[in-house]
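Could you build the full structure based on these sequences and the hints that come with them?
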Amino acid sequence: MDAGAPAVRRPAAPAVGLGTRLRLWAEGKPLALAAIGAYVFLFAPLAILVLYSFNDSRRIVWQGFTVRWYQELLADPTITGAFRQSFQVGLLATLVSTVIGTMVAFALTRHRVVARGATEVSLLGPMVTPEVIIAAGLLILFAQFSRLPGLLGTYLGPGFWAVVASHIMFCIPFVVVTVRARLRVMDRTLEEAAADLGADPISTFTRVTFPIALPGIFAGAMLAFTLSFDDFVITTFTSGPGVTTVPLKVFSMLKFGISPVINATSAILILGTTCIALLALRFGGGTRSVAKSLSE
Amino acid sequence: MPSSRAERGVRGAGAAAGGGPWVESSPALPAGSAAREALLRAGQRVRRFIGSLLVVPGAVWLAVFFFVPLAYVAVYSVATNVDFAVVAFGFDLSNFRQALTTPGLVSATMRATLYALGATLLDLVIAYPLAYFIVRRGGRYKNFLVVLIMLPFFSSYLIRVFAWVTLLRNEGVVNTALQGIGLLEQPIGFLGTPFAVILVLAYDFLPFMVLPLYVALERLDPALLEASKDLGATKSVTFWKVTWPLAMPGVVAGLLLVFVPAIGDFVTAELVGGIRTQVVGQTVYRQFLTFQNYPLGSALAFMLMGISLLAALLITRVLGREAF
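Sequence lines, in order, name chains A and B. When you line the first sequence up against this note's numbering, it's residues 129 to 424, in that order. When you line the second sequence up against this note's numbering, it's residues 6 to 329, in that order.
Simulated from the structure, these hints should not be mistaken for laboratory data. Cβ coordinates follow ideal geometry from the N, Cα and C atoms, glycine included. Every clue listed holds true.
Over 10 Å on every C-beta distance to chain A, these chain B residues come out as not near it, computed from the model: (1) Ser38; (2) Thr85; (3) Gly123; (4) Gly187; (5) Val242; (6) Leu318.
In the SDA-like style, the derived pairs of lysine to any residue whose C-alpha atoms are separated by at most 25 Å in a straight line are: (7) A:Lys383 with B:Ile280; (8) A:Lys383 with B:Val170; (9) B:Lys147 with A:Phe346.
As structure tokens, then:
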């Protein structure tokens with residue numbers, strides 16, 4: 129093309145009066161400002177919390193950057209112990225709830241189930257009941273269990289296994305919802321094609337259905353882990369004296385007084401769970417399906 | 006779901022049944038043969054059996070660790086408290102009488118309801134423009150903007166409440182900043198006020214309001230808005246006569262999703278509230294973990310559940326009639 133050729137003719141700017149322009153400019157603003165304000169409202173508290181975990185002072189006035197609160201945190205065996213315990217609870221709860229939840233999700237989307245309606249409604253239960261009521265009931269249940277004779281009473285009373293069992297309970301519905309969202313958008317014809325090509329039901333499942341569902345299962349597991357790691361209410365009711373997860377530790381530190389070490393612990397928790405959540409959303413077939421299934 | 010039940014039934018009989026096309030395409034089983042029919046029927050039965058089997062662990066887990074505990078709360082609420090964590094079962098309504106007549110407990114229940122109501126309305130006011138903005142102006146950043154709203158929800162709830170303590174306390178960020186620029190002489194005591202509790206409750210559950218609103222507004226066909234405009238409706242008329250009623254299912258879902266957890270919440274009032282903002286969740290917490298009076302705690306929990314169910318019913322009935 130000739131370099132001297134006239135450039136593509138731009139459409140002339142529409143002749144809009146100043147008044148109209150001002151009005152157009154002002155029209156969109158309140159909405160945008162409200163939205164920006166809402167985002168600031170959502171993020172500023174957390175950002176400030178993380179920021180002050182690096183402040184070289186116990187007071188609010190900024191004294192310079194430091195990581196000493198993180199060093200103090202690492203030197204405190206009760207905090208590192210809480211992290212270890214949270215990981216143990218979280219991993220166990222994630223493993224079991226993911227297996228159980230995935231089974232339910234498959235049954236609800238791929239099989240005919242006796243009492244389907246009842247199953248669906250019961251899945252909603254733990255999601256819509258105020259947590260403190262479930263927690264109170266669980267405390268009574270585990271207090272009853274602790275009266276069982278012998279080892280049963282030792283293991284099933286309030287404590288580590290009670291916390292794990294309770295976490296599995298409230299994680300299951302979220303795993304089901306996430307896995308089901310993935311199975312629902314999955315193209316059924318792929319499975320039918322596999323079957324038409326002579327694959328038996330088992331290899332159809334292992335070579336087609338399961339691999340396609342895997343990202344959803346992974347997302348469900350991530351979600352379960354963050355829910356378990358973050359839980360405070362149910363854990364505090366079911367833990368008994370022996371168990372301290374990170375949220376319980378943070379709560380007891382708060383009762384002793386505000387210290388930047390709490391900020392540092394919180395910052396680790398915020399960044400950790402945010403990363404896991406982002407991974408979950410990435411694998412979960414997009415935000416939209418999760419948003420939809422959450423609001424259904 | 007686009008496919009009708011009948012259609013799914015037909016497919017269920019063949020393709021989705023145990024053997025499915027595997028049976029159908031098998032050359033050894035000609036169509037219509039008795040063996041083929043029997044195999045298909047067996048496959049279907051196997052499939053239903055497997056389906057039910059897959060649900061069993063989940064159903065048992067929820068039964069033992071969700072429904073039995075709820076039943077325990079019901080049973081304990083009418084039991085008699087004998088001693089620390091020792092009860093005599095029976096049908097004793099004195100726990101409810103105590104919960105309904107002790108001034109401290111009644112006001113705690115009223116407060117919880119009012120705070121939850123305040124937080125729910127505040128969330129509606131914050132979330133509606135936000136959801137509207139994302140749907141109308143989000144463009145290709147829509148998904149990103151929605152993820153942003155969900156992200157804080159994944160950070161521990163306790164920590165989100167604690168974040169507000171660092172902001173609102175007397176030596177906190179807000180007071181220090183206001184004093185720093187000379188607007189304040191003395192710090193404002195935000196903590197311990199109903200204002201703080203409502204604000205932080207609203208913060209806790211905001212994503213639960215935004216997401217259903219977003220979904221509802223996104224479903225709304227822009228052609229309807231144009232039609233309304235073409236027919237001469239002003240912007241506010243279009244909003245109140247078209248957008249608002251059509252997005253009502255989202256409003257209903259949002260109100261429920263915020264109100265129910267907010268009324269049962271005790272961490273927020275525990276951390277940013279004070280003696281004068283005690284809510285019923287805190288009294289449940291104390292009856293169980295401090296005083297070990299399980300029956301009274303259960304009666305309070307039961308009432309809490311009653312209020313949330315009543316609210317759910319009211320919201321869906323009053324607003325839902327418009328919505329569905």
